[in-house]
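Colleague: Listed below are the residues making up each chain.
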Amino acid sequence: MRDAVLLAYRSIRERKARSILTVLGIAVGIAAIVSLMSVGYGMEEAITGELTAFADIISVYPGKIAGATYLELGSFTDRDVSDLQRIGGIKDITTMTYDAAEVEFRNKRAPTFVLGGETKELESLYVEAVGLKEGRWLRENDYKGCVIGDRVANDFFDDVIHVNDKLLINDKKFIVLGVFEKGTMMYANDVDPNIFLTLRAAKDVLQTDEIKYIMARVYDIDEAEEIAEEIKETINDNHGLDEFANAMTMGSMLEQIGGIFSIIRAVLVGIAAIALVVASIGIMNTMLMSVMERTHEIGVMKAIGAKNRDVLSLFLLESSMVSLIGGAAGCLLGLSVAKLMSFLGSMLMTGMELEAIVKPEVLFGGIAVALIVGILSGFYPARKASKMSPVEAVRYG
Amino acid sequence: MIRTEHLTKIYRMGAVEVHALRDVSLEIRDGEFIAIIGPSGSGKSTLLNLIGCLDTPTSGDVFIDGIDTASLSENGLAEIRRKKIGFIFQQFNLVHTLSALENVALPMFFAGVGREKRLKRGEELLVRVGLGERIHHKPSELSGGQQQRVAIARALSNDPGIIIGDEPTGNVDTDAGNAIMDILGGLNREGRTIIVVTHDAEIAARAGRIKRMRDGMVLE
Numbered sequence: 001m002r003d004a005v006l007l008a009y010r011s012i013r014e015r016k017a018r019s020i021l022t023v024l025g026i027a028v029g030i031a032a033i034v035s036l037m038s039v040g041y042g043m044e045e046a047i048t049g050e051l052t053a054f055a056d057i058i059s060v061y062p063g064k065i066a067g068a069t070y071l072e073l074g075s076f077t078d079r080d081v082s083d084l085q086r087i088g089g090i091k092d093i094t095t096m097t098y099d100a101a102e103v104e105f106r107n108k109r110a111p112t113f114v115l116g117g118e119t120k121e122l123e124s125l126y127v128e129a130v131g132l133k134e135g136r137w138l139r140e141n142d143y144k145g146c147v148i149g150d151r152v153a154n155d156f157f158d159d160v161i162h163v164n165d166k167l168l169i170n171d172k173k174f175i176v177l178g179v180f181e182k183g184t185m186m187y188a189n190d191v192d193p194n195i196f197l198t199l200r201a202a203k204d205v206l207q208t209d210e211i212k213y214i215m216a217r218v219y220d221i222d223e224a225e226e227i228a229e230e231i232k233e234t235i236n237d238n239h240g241l242d243e244f245a246n247a248m249t250m251g252s253m254l255e256q257i258g259g260i261f262s263i264i265r266a267v268l269v270g271i272a273a274i275a276l277v278v279a280s281i282g283i284m285n286t287m288l289m290s291v292m293e294r295t296h297e298i299g300v301m302k303a304i305g306a307k308n309r310d311v312l313s314l315f316l317l318e319s320s321m322v323s324l325i326g327g328a329a330g331c332l333l334g335l336s337v338a339k340l341m342s343f344l345g346s347m348l349m350t351g352m353e354l355e356a357i358v359k360p361e362v363l364f365g366g367i368a369v370a371l372i373v374g375i376l377s378g379f380y381p382a383r384k385a386s387k388m389s390p391v392e393a394v395r396y397g
Numbered sequence: 001m002i003r004t005e006h007l008t009k010i011y012r013m014g015a016v017e018v019h020a021l022r023d024v025s026l027e028i029r030d031g032e033f034i035a036i037i038g039p040s041g042s043g044k045s046t047l048l049n050l051i052g053c054l055d056t057p058t059s060g061d062v063f064i065d066g067i068d069t070a071s072l073s074e075n076g077l078a079e080i081r082r083k084k085i086g087f088i089f090q091q092f093n094l095v096h097t098l099s100a101l102e103n104v105a106l107p108m109f110f111a112g113v114g115r116e117k118r119l120k121r122g123e124e125l126l127v128r129v130g131l132g133e134r135i136h137h138k139p140s141e142l143s144g145g146q147q148q149r150v151a152i153a154r155a156l157s158n159d160p161g162i163i164i165g166d167e168p169t170g171n172v173d174t175d176a177g178n179a180i181m182d183i184l185g186g187l188n189r190e191g192r193t194i195i196v197v198t199h200d201a202e203i204a205a206r207a208g209r210i211k212r213m214r215d216g217m218v219l220e
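Line by line, the protein sequences give chains A and B. With the numbering used here applied, the first sequence covers 1 to 397. With the numbering used here applied, the second sequence covers 1 to 220.
One chain only, chain B, in its complex shape (with noise of 0.2 Å):
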């Protein structure tokens, strides 16, 4: 289970403080498909950052599974990312030196586990988005949705018990957009936390739970 409390995030821009997040108090329990909606700068992805533990809030806790992220250190944060968390970015962020499938193996990497796991697991997850054909192939040889779908076999790499997408298909055309998140349908009913920021409202009709945001706020 994920819990907000009083979540506030202020960032200084010189001598301007802008209030990304204002007291944002939010529930998200185990196996939700979860969408966040809103406009641009309304702190959906400040939102986000904090619950991945990418970030720090000014004030407010964040409890993951019961753990209270505020008393992490930044290698305990390391730690939660890698082991309960799977992040899929707009920009889907592969590593463009390496191969699907090391950019799959990649989490498991520094996760520790070993090469010949971490390959076997790695050519699974991606048979899994329907890329068991281009598992050598680099992210420049791959269109936006094929990319997107590697980042979600990443995502997937160490197991992790929520999915974090950040406009997850906000880079692809509408069909791609559609199997995204036929996938990320799939994951939830095997009982994974799905949390999507997104501004596409049919995108977000597929979620469970739709939260809408403006100015920092939740609105109820």
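So here's chain A without its partners, still in its complex pose (with noise of 0.2 Å):
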């Protein structure tokens, strides 16, 4: 076997050029399905990483998601709250409402939202994720101060919202106490554009009792599921309807999640399989035409008593050794640009931990890829080899 390598390494040796341009092919086909499926499983992880943080809470909406809308039915009432409470495995229960409202800075005026709860859930729900770039969080007795989203504060008005700047909301006065930091992802979306406000403020501002979420925490993250679907019976019974309330577990948002990055890998890994065959074409033509180099080669060997087998096994050997190497070094490459895709990833979405994650089975399953490429494409050309008659092929050349 030692002997068996040693000849085909040779033989690789001996076509230098030509040997490097085809470990090169492959190394570029693995490197591309080491790299996209490292990023993606670090996508993966960045989204639900922030998610399962909150893995003991239920949201509750009054309204139901149709694909990538959000239709509101309705509002809850505090009777809804309170049977809720009634609900065991349920460790507390905190509920927000919001509203479009009018801000006005500086006798400009510009629509926006508004969001109010208690202030200790609202700080773990955004202030521990998206972090405050200026100011401090809202306590309880701040009715008179509010907390800005990144677009309110820099792209509502002519001028930059700071701290201490006053606003008119729905023409009531608040102080500007803090101002988030640009939310990623998730959060873009629920920050960004809002301002928040303690539930009393909301209530006054938006003119309503109106509960337009409700936040319940488990105790046991395992029974969620049923709470969840509980909480939506209870209260779609008290307004007498079959889809009103909508649950939502964090549970149920991972699968979901989960779901798409199984589709988003599987697109990722055709791509690169795309760029395999290419290599793999590119192994066969290689050895092709090493076969017929060494047709001449071929005949001596089998003169001097090498069988068809013999023949056969070498150059299967040469041809996996070839791709061993490109998977071996398309790894390397592949965990180099994982590495740079992670890099320029985090620096482009600012805030977003991006790592990208190198598991080994990836490793393992890119080098065993290179390795059956190496020896299907190898076959036909080894086959070949061994088929030729001894005479006719010493007399080659």
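Take every hint as true, because none was put in to throw you off.
Below, simulated BS3-like cross-link-like pairs (lysine-lysine); rule was C-alpha separation at most 27 Å, straight line:
| no. | chain 1 | residue 1 | chain 2 | residue 2 |
| --- | --- | --- | --- | --- |
| 1 | A | LYS120 | A | LYS203 |
| 2 | A | LYS387 | B | LYS84 |
| 3 | A | LYS384 | B | LYS83 |
| 4 | A | LYS203 | A | LYS91 |
| 5 | A | LYS120 | A | LYS133 |
| 6 | B | LYS138 | A | LYS16 |
| 7 | A | LYS203 | A | LYS166 |
| 8 | A | LYS173 | A | LYS203 |
| 9 | A | LYS384 | A | LYS16 |
| 10 | A | LYS182 | A | LYS339 |
| 11 | B | LYS83 | A | LYS387 |
| 12 | B | LYS138 | B | LYS83 |
Examples of chain A residues toward chain B, derived with CB under 8 Å:
| no. | residue |
| --- | --- |
| 13 | SER11 |
| 14 | GLU14 |
| 15 | ILE304 |
| 16 | GLY305 |
| 17 | LYS307 |
Derived by calculation from the structure, the hints in this document are not laboratory data. C-beta: ideal position from N, C-alpha, C; glycine also.
Put the two chains together into one complex; each comes in its own frame, and the hints tell you how they fit.
Modeller: Next comes the structure, spelled out in structure tokens:
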């Protein structure tokens, strides 16, 4: 075996430039698979990681989600809230209200959304995740204070709004206590265009007692699905409708995201597979040329006693060695590309930690795929070599 | 013993049939040193290829040590070549990526001989043909005569009873040619059957028996 490897190695080295190009072809294919999958896993982890922090939360909306749009069907009542408090397994319940409002800054007006809720709950939901760029978060008695999203601060008016600036929200005076960082991914829509108030201030500004959002925390994450179902039924019963409330657990969101990522991964692998097909044509071409060039050598080997099987295995060994080297090089290349992509990704999407995740099975898989490609595409040339008639092969060249 | 019976080989080149061998019956006893001479196209190489199991006849039989080679599969023929026959070519036909020693060890590799034994025997054989100092040289670093001596060492590696040389001195100068014939003579004295094809009468004169060929036939 050692000598067969040596023999194959000599012949690979003999055609250095061509072997390097073939190795490169495979390496690029494998690198594409490894880097795309690693970045894909990284993206999934970045998103699900953010979500798992809230795995014990059930979000309850008065409406339904159809495709990408949310259709609001009304609002919850105080009775809904007190009924939910009686469901076992729920640790605490917080309610929020939000609606469109008009904000005025230095005599200019703009439409915005106001979101009010218990400050502690809002803090754990948004402040911990997004962070404040300036100032501080609301306290329970900050009836005249507000914290604004990044777009409200920077985009809504000609002047940038800072801490201690004064705003009129639906003609009521507020002072800016804090400004959010720019929200990423999940939070961009929830935070950036909104103004956050205490629940009492929000009810006052929006002139409403309507509850537009209930957030329930459960003790046991494993029961979340069941409790969500119970919440839905309880509220639907209260309103006499079949599909009024929508209770979503983070678990079900995670599942949805997982599903999306399997599709993304499949597409990425598909792209990489095309690269591999091209690479395997490269191996076949290289090996066929090698067989033709070495017709004479094959004849000599047969003349001195090599059987068809010996010649076949020598050429197969050669193509699998080329592809194995290509696979290993591809893994290294893929690792570097994945690191580079996650670095660039983190730079472009500020605040987002996109760390490529390199799974060992992806690396092993990459090398295995390279080897299979090498054997498959080396088989035809190797067979051709093994079938050569010794006398004609010796006479050749 | 080698025996051919009514050996005929016809090559088809498009519509033209070339009778390379016509009804050749020949007997070569064990330990004989036989030279086959004749002009180009007389069929000497074709006969050699058939005796050496590199090619199969159109009709007729080749018996090697009583085995009818026509009944053998490709692998069976490969086995005969490996065990019973050593080839020496006019063009030396060494594998140019391998060193002299590795070339000599190659037939033993195909025969499944262990690495250490191969290298040991390979070195002994190279010493024997006078190349003990050059075992790690590549063919390109050796002269024609030296390459042919490596080829002889390679032909001996599985210790065959028959050595077949197709113009073994055709590509080397006179001195190297004589050296090669000396080695072949020595192998013959060990009891090996030597069959060489040549068109050099001086070389042929060193064989124990000379067969002349013309137009695919052996002349008596």
